[in-house]
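Quick note on this note's numbering: the sequence shown kicks off at 1 and runs consecutively.
A hint or two may mislead.
Restraint-style ranges between C-beta atoms, simulated for each label pair [said to hold, decoys possible]:
| id | residue 1 | residue 2 | range |
| --- | --- | --- | --- |
| 1 | VAL121 | SER289 | 31 to 39 Å |
| 2 | ASP119 | SER275 | 37 to 45 Å |
| 3 | ARG256 | ARG53 | 26 to 34 Å |
By construction, these hints were calculated from the structure, which means they are not laboratory data.
All C-beta atoms, glycine included, are put in the ideal place defined by N, C-alpha and C.
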Amino acid sequence: MRSPRVPAAGRRPVVGVWAGVALVALAWVAPGVARAEGPLSALEGDVDAIATRALPSVVTVFAQRPGESRARDGRTVVRTHTRVGSGVAVDANGVMTTASVVLGAQRIVVRTANGLEADAVIVGCDPIFNLALLRVPDLRLPTLDMASGRGPQLGDWVIAVGTTYGARPTQSVGNVAYVHREPRFALLQLTNTVVPGNSGAAALNTRGELVGIVQGDLGDAGSGTSGDAARASGFSFAIPLETVRPVYESFRREGRVRHGYLGVTTRQAQVASESESGASVPIGALIESVVSDGPAARAGLQRGDLIVGFEHDRVEYPEQLARWISASRPGSSVALVWVRDDLEKTGTVVLTESPDATPGWALGLGGPGDGSPPRITEIERQIQRLNQQLQLLKNQGGTTPH
C-alpha cells in the first residue's frame, strides 16, 4: 500500500526499500552483477584463517535480568532470565555489543573463546543506535582492528564471526547485498547466515578488519543457553563502522551518546488509503504539545501541526521522527516540512541537547509518539519488512513492485 504523497517542496524522491530490495534480488539471481574483491576460491581458502585470527577477540555475553512468572498454584515467582549474545573486543578490556543484548541487565558475564569467564559492567548503552560498550576489568583481550577508508559497498565480501547461545563459535561468509540508508542511520544487509546468539558478532572484511557489528537473528533472544539447534537466518544485518566508531568514542569519553532534542510530543496520524477501501495508512507525526522556548517553539511549530518531512525524507510515524531527532547532534540544524490548515510550511530548526541521557520513548516509556515501541523493536520491524519484501521479489522472479 502506498502512503499519501507528501507536499513536493522540501522532499526528494527516496530510493528507499524497494530499490534496495531490487538490488538484493539481483545479488541472488545474478551474482556476477555484484562486485567482488577477489576470486571466490581464494576467499574461501582465507575464511578459516581470518576467522581463526578473529575468534580470540569475540566473546559470548550473558546478560541476566530478574523476571516474574506465574507458578501453577498461582504464586508469582521471581526467576532469572538470561539474554545471550556476542561481543567484540575493541580494546584490551572493552567489548562492543548490541544494546538489545544487555539493556536492563543486572549482571553481565563474558565468556572468552578459551572458556574464561568474568563479570562485565556497562560503560555506555544506547538503544537509539543499538550499541553498548562493556568493560571487563579482569580480562585482557586481543583486539580487532577497525577498518579504515571507505565503508563496505554492494558486493563486498563479509565474514561474520560470533557465538551461539551455548557459547560455541560460529562463522559465515557472505557479501553486502544492500546498504539501507535513512537520515542519521545506515544498515548493511548481508547474505551471511546468522544464528541466535550472533547479535553483537563481528562483521569483518577480507583483511580481517572490523567493518560492523551484527544485529543478529530476530528469534527469541531470551531463550537461555540451550538453543544451539534454533533456526538460522539466511540474511543478516549489521550496524556499519561509520555508526559504530563515533558511538564507541562517545562511550569512551562520556559513557553516553548526546542526543538531539526538538521539544515536542507527538502522536500517530492516519489517512484513508487510496488503494484499499476501508484501510488507513500512517502519515507524519501530529504535534500534541510544544515545549515553551524549546527548539520547535522557536522555529514556529504549534500544537496541531503535522510534521511530514525531515531532512528531505518523508516522515511516516512519530517514532521514526523521534529516532532521527535523537540521532542528530545537539546544535545541528535540521530541515522540517509540516502541514498546518492544509498548507505546507518549511523551516530549519536548531536542535538542543536532550535532557534525558536515554530518551524515554526509546525504552518504551512514552514520550514522542505515546505508546511507541522501543528502538530495538522498531529495528526488528524494519528488518522483518525488508525480508518480507525480499521474499516477495524472489517469489515473483525478481520483478520490482511499483
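Structure-based check of all given hints:
Between VAL121 and SER289 the CB atoms are about 37 Å apart, so this pair conforms to the stated range of 31 to 39 Å. Between ASP119 and SER275, the C-beta spacing of about 55 Å breaks the proposed range 37 to 45 Å. Restraint check, ARG256 to ARG53: a C-beta distance of roughly 32 Å satisfies the suggested window 26 to 34 Å.
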